[in-house]
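**Q** Okay, here's what each chain looks like letter by letter:
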Amino acid sequence: MFKIISNDNISENLHKMVVLAPRIARSRKPGQFVIVRLTEGEERIPLTISDADPEAGTITLFVQAAGASTRNIVSTEAGGSIRDVAGPLGNPSRIIFWGRVICVGGGVGTAVLLPLARALREAGNDVTTIIGARSSRHIILSDELKRISNALIVTTEDGSLGTKGFVTTPLANLLADPEHVPQAVFAVGPVPMMKAIAEMTRIKAIETIASLNPIMIDGTGMCGGCRVMIGEEIRFACVDGPEFNAHLVDFDGLSDRMSSYRAEETLNFKAAECKIGLTTKPCVKS
Amino acid sequence: MRKIITPQERMAIKRVVMPQLAAEVRTRNFEEVNCGLSSNQAFTEANRCLQCKNRPCVPGCPVGVSIPEFICALASDDVPRSAQILQQDNPLASVCGRVCPQETQCERLCARGKKGESVAIGYLERYVADWAMCHQEKLLPDQASGTTGKSVVVVGSGPAGLTAAGGLVRLGHTVTIFEALHDTGGVLRYGIPEFRLPKKIIDHEVALLVSLGVTIECNVIIGKTLTIAELRNQFDAIFIANGAGLPVMLKIPGENLKGVYAANEFLTRVNLMEAGRSNNSSTPIIKRREVAVIGGGNTAIDCVRTARRLGAEHAMIVYRRSEAEIPARTEEIRHAMEEGVEFVMLTAPIEILATKDGWVSALRCRKMELGSPDDSGRRRPQAVNGSDFEQPAGIVINAIGTGANPLLTATAPDITLNDQGNIRVNSNGETSISGVFAGGDIVRGGATVILAMGDGKRAAVTIDEYLGQHPHT
Ligand SMILES: Cc1cc2nc3c(=O)[nH]c(=O)nc-3n(C[C@H](O)[C@H](O)[C@H](O)COP(=O)(O)OP(=O)(O)OC[C@H]3O[C@@H](n4cnc5c(N)ncnc54)[C@H](O)[C@@H]3O)c2cc1C
Ligand SMILES: Cc1cc2nc3c(=O)[nH]c(=O)nc-3n(C[C@H](O)[C@H](O)[C@H](O)COP(=O)(O)OP(=O)(O)OC[C@H]3O[C@@H](n4cnc5c(N)ncnc54)[C@H](O)[C@@H]3O)c2cc1C
Ligand code: SF4
Ligand code: SF4
Ligand code: FES
Numbered sequence: 001m002f003k004i005i006s007n008d009n010i011s012e013n014l015h016k017m018v019v020l021a022p023r024i025a026r027s028r029k030p031g032q033f034v035i036v037r038l039t040e041g042e043e044r045i046p047l048t049i050s051d052a053d054p055e056a057g058t059i060t061l062f063v064q065a066a067g068a069s070t071r072n073i074v075s076t077e078a079g080g081s082i083r084d085v086a087g088p089l090g091n092p093s094r095i096i097f098w099g100r101v102i103c104v105g106g107g108v109g110t111a112v113l114l115p116l117a118r119a120l121r122e123a124g125n126d127v128t129t130i131i132g133a134r135s136s137r138h139i140i141l142s143d144e145l146k147r148i149s150n151a152l153i154v155t156t157e158d159g160s161l162g163t164k165g166f167v168t169t170p171l172a173n174l175l176a177d178p179e180h181v182p183q184a185v186f187a188v189g190p191v192p193m194m195k196a197i198a199e200m201t202r203i204k205a206i207e208t209i210a211s212l213n214p215i216m217i218d219g220t221g222m223c224g225g226c227r228v229m230i231g232e233e234i235r236f237a238c239v240d241g242p243e244f245n246a247h248l249v250d251f252d253g254l255s256d257r258m259s260s261y262r263a264e265e266t267l268n269f270k271a272a273e274c275k276i277g278l279t280t281k282p283c284v285k286s
Numbered sequence: 287m288r289k290i291i292t293p294q295e296r297m298a299i300k301r302v303v304m305p306q307l308a309a310e311v312r313t314r315n316f317e318e319v320n321c322g323l324s325s326n327q328a329f330t331e332a333n334r335c336l337q338c339k340n341r342p343c344v345p346g347c348p349v350g351v352s353i354p355e356f357i358c359a360l361a362s363d364d365v366p367r368s369a370q371i372l373q374q375d376n377p378l379a380s381v382c383g384r385v386c387p388q389e390t391q392c393e394r395l396c397a398r399g400k401k402g403e404s405v406a407i408g409y410l411e412r413y414v415a416d417w418a419m420c421h422q423e424k425l426l427p428d429q430a431s432g433t434t435g436k437s438v439v440v441v442g443s444g445p446a447g448l449t450a451a452g453g454l455v456r457l458g459h460t461v462t463i464f465e466a467l468h469d470t471g472g473v474l475r476y477g478i479p480e481f482r483l484p485k486k487i488i489d490h491e492v493a494l495l496v497s498l499g500v501t502i503e504c505n506v507i508i509g510k511t512l513t514i515a516e517l518r519n520q521f522d523a524i525f526i527a528n529g530a531g532l533p534v535m536l537k538i539p540g541e542n543l544k545g546v547y548a549a550n551e552f553l554t555r556v557n558l559m560e561a562g563r564s565n566n567s568s569t570p571i572i573k574r575r576e577v578a579v580i581g582g583g584n585t586a587i588d589c590v591r592t593a594r595r596l597g598a599e600h601a602m603i604v605y606r607r608s609e610a611e612i613p614a615r616t617e618e619i620r621h622a623m624e625e626g627v628e629f630v631m632l633t634a635p636i637e638i639l640a641t642k643d644g645w646v647s648a649l650r651c652r653k654m655e656l657g658s659p660d661d662s663g664r665r666r667p668q669a670v671n672g673s674d675f676e677q678p679a680g681i682v683i684n685a686i687g688t689g690a691n692p693l694l695t696a697t698a699p700d701i702t703l704n705d706q707g708n709i710r711v712n713s714n715g716e717t718s719i720s721g722v723f724a725g726g727d728i729v730r731g732g733a734t735v736i737l738a739m740g741d742g743k744r745a746a747v748t749i750d751e752y753l754g755q756h757p758h759t
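Chains as they are written, first to last, in our numbering: chain Y, 1 to 286; chain E, 287 to 759.
By construction, these hints were calculated from the structure, which means they are not laboratory data. Because the structure is a prediction, the values reported are computed rather than measured. Since no wrong hints were added, every one of them can be taken at face value.
Here are the simulated DMTMM-like cross-link-like pairs (lysine to aspartate or glutamate), alpha carbons at most 20 Å apart as the crow flies:
| no. | chain 1 | residue 1 | chain 2 | residue 2 |
| --- | --- | --- | --- | --- |
| 1 | E | K573 | Y | D256 |
| 2 | E | K537 | Y | D250 |
| 3 | Y | K3 | E | E503 |
| 4 | E | K537 | Y | E233 |
| 5 | E | K544 | Y | E233 |
| 6 | Y | K29 | E | E516 |
| 7 | E | K573 | Y | E265 |
| 8 | E | K544 | Y | D252 |
| 9 | E | K485 | E | D469 |
| 10 | E | K642 | Y | D252 |
| 11 | E | K544 | Y | D250 |
| 12 | E | K486 | Y | E40 |
| 13 | E | K485 | Y | E40 |
| 14 | E | K537 | Y | D256 |
| 15 | E | K573 | Y | E264 |
| 16 | E | K642 | Y | D256 |
Between beta-carbon pairs, the in silico distance windows are:
| no. | chain 1 | residue 1 | chain 2 | residue 2 | range |
| --- | --- | --- | --- | --- | --- |
| 17 | E | S325 | Y | T266 | 49 to 55 Å |
| 18 | E | R664 | Y | P54 | 51 to 57 Å |
| 19 | Y | A263 | E | Q429 | 49 to 55 Å |
| 20 | Y | P92 | E | Q429 | 44 to 50 Å |
For every residue, glycine included, the Cβ atom is placed at its ideal position computed from N, Cα and C.
Construct all of the structure, not just a fragment, from the sequences and the given hints.
**A** Dropping the structure here:
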């Protein structure tokens, strides 16, 4: 049992959760994640360790209620507990001094980006962060990212905050500007976003690292479920990643495999909404 | 005393038939197929044993279970004594009685098998062990001896780890098991399905260890949460039994399509996460009418029978050799056939084909014929030219095998490995680091429960010796 120390709703659907997990707090490095299972019967899902306090023995998670499992996690209040938290898993990010870097986050990816951007900044890099979402209500962690970045650019599709459009627009401007060309680009977010970024930087031969989020179960390389094609090779994102050279990732294959359980997920999501009273419609779980 | 019957009478007794759930019933649930012998059946079967003086069956068992002796006690209607004999030799008898490949081990060497059918040693072992599980009070109390003050850590809670922990705690050492997953048992829980090995048996074995004082901590991944180096500082000895959990890929086109599973993922979803078999589980599993499982080992048969239970109308095994070479347990193959599993033999997959939206639609296969024997003595399959055909399938499961998972060993570079990535040990089961022992699949590659258990048993003894020679570190 892993005690939830605090659980704050920091923007729509996004919760900051501090969880007591002393061993993980001590051994984690930026870029690593945990596999969490709320209770008996729940799914095992991966969540990035955003921060840790080895003294207090706590880890910080940013959880976006994307579907049934994450929704059930965020609705567990401080004082409650998570049955299983295993980690730290995955390889730590390779943090070196690049010079100028651009970090791009979209959706939940922004939560995954935070510890990475922070570590890059601490390594002395000049960090420009671009985050994007559908509308202002979906922009997350902008205050935290603003604090750790040299510059923060926000985009929304409806123009309700920052620049109207996608994250790729300001990125294209920066790449085109000789004064701003970065030595490396880090991309975390929806697959189409990461794919688009990889295409933009490929032609300019700028090193680009994407953090992938395939479906995972054990997180230890045992099940093979998280496999992705990296160049000609099958790699397991949980043990070989989650960060890979974006120019080698088969994004189409990744996005296709991630949709394997769409039908089942929709059903579970409806059931979870029903359980916490978000919908009054009768729900049927198959 | 054993009942006195004439040799003719003894020879006339027919081998017991295991009562089992009807195929139509069991393909719709996950209940155990073999129901277990009745006490009458067990008693009668025990009387088939000739009590051979030279004990030909015993060398067939990798841990040397005192077969004639436990059967004799059973035939003398002294089940508690039978149980005691068995427990000394095999702490996981209720598991081994169910999953050992008896036909290639103990029963293969049984004298009665020379003419006619061997004694059903496995069924008897299961009977006695199951009896013991329900009648703890009739057995001598099982307890740890006085404490030695030495602490041992066991990595992994599969059969090797559980057995070593049991042996060590009984010798008075303080034992902690670290397990990476959220539950214990290793392959016994996440791999072998409920219909062959009910989870309550593992729960029972684990509860017994806990009652003896073993500490079990799940969700601790050695190599990540804690390292071998850290464990070396905190414990007097280490036993590594982290299994062979790494899927071997097919390396054919289409392997990443939706609907292609590695056996471990498919089985973990259903067995560990209870997908598709409990309404309480929120882990999804894909179900289709046609399921093709590639491989012929126990894992493949477990997958195909699981698929059948999840509703597949055509659940098939695609195996590149012939029935004579199939490595799965004979009983499992028979059960699979009764359950309507189709066996597509002498067939190798060459490509997985897709629908236009990226789901598996079929397996392109090539017919094989058997050529001359290879290193393993089995005849090597060779492709038959122009024999390609398409086998429709909505799910393809890769069950061709597993290898050594490098997660732990990669973070402990001082531990010497062989070319396959398995840990090298000396005749004492000790690795290249003093005080660090290893056993089970991580040493042997994918092997069997009884071999893993045997390693755990031996490790308890050699670790105890080591601790006797090494004062506190
Ligand atoms: C390495 C890694 C780090 C992550 N870090 C974070 C994080 O810090 N914060 C955060 O909010 N989310 C993070 N995620 C994503 C998070 O795991 C998924 O949102 C979550 O599993 C969704 O589960 P659900 O039941 O709530 O939603 P569902 O309705 O089940 O799924 C919603 C989406 O999540 C994907 N998904 C479903 N199950 C899994 C699974 N077991 N593993 C991976 N993806 C899955 C689905 O493909 C779908 O796109 C991370 C994912 C990975 C792989
Ligand atoms: C589907 C299937 C069916 C089988 N059927 C049979 C059968 O019928 N008969 C038979 O005799 N054999 C069978 N086998 C083989 C048998 O199950 C194995 O040989 C046996 O389980 C090996 O035992 P083990 O203790 O070495 O490892 P495992 O059972 O693999 O257990 C290893 C444990 O260590 C844990 N672990 C791994 N890495 C770490 C880490 N870094 N830190 C902490 N813990 C870790 C794992 O999660 C696991 O719980 C089958 C195997 C499979 C996969
Ligand atoms: S442990 Fe296995 S091989 Fe040994 S006697 Fe029992 S069933 Fe036979
Ligand atoms: S060989 Fe067969 S008949 Fe002889 S003692 Fe062993 S089990 Fe009994
Ligand atoms: S999640 Fe199972 S191998 Fe990566």
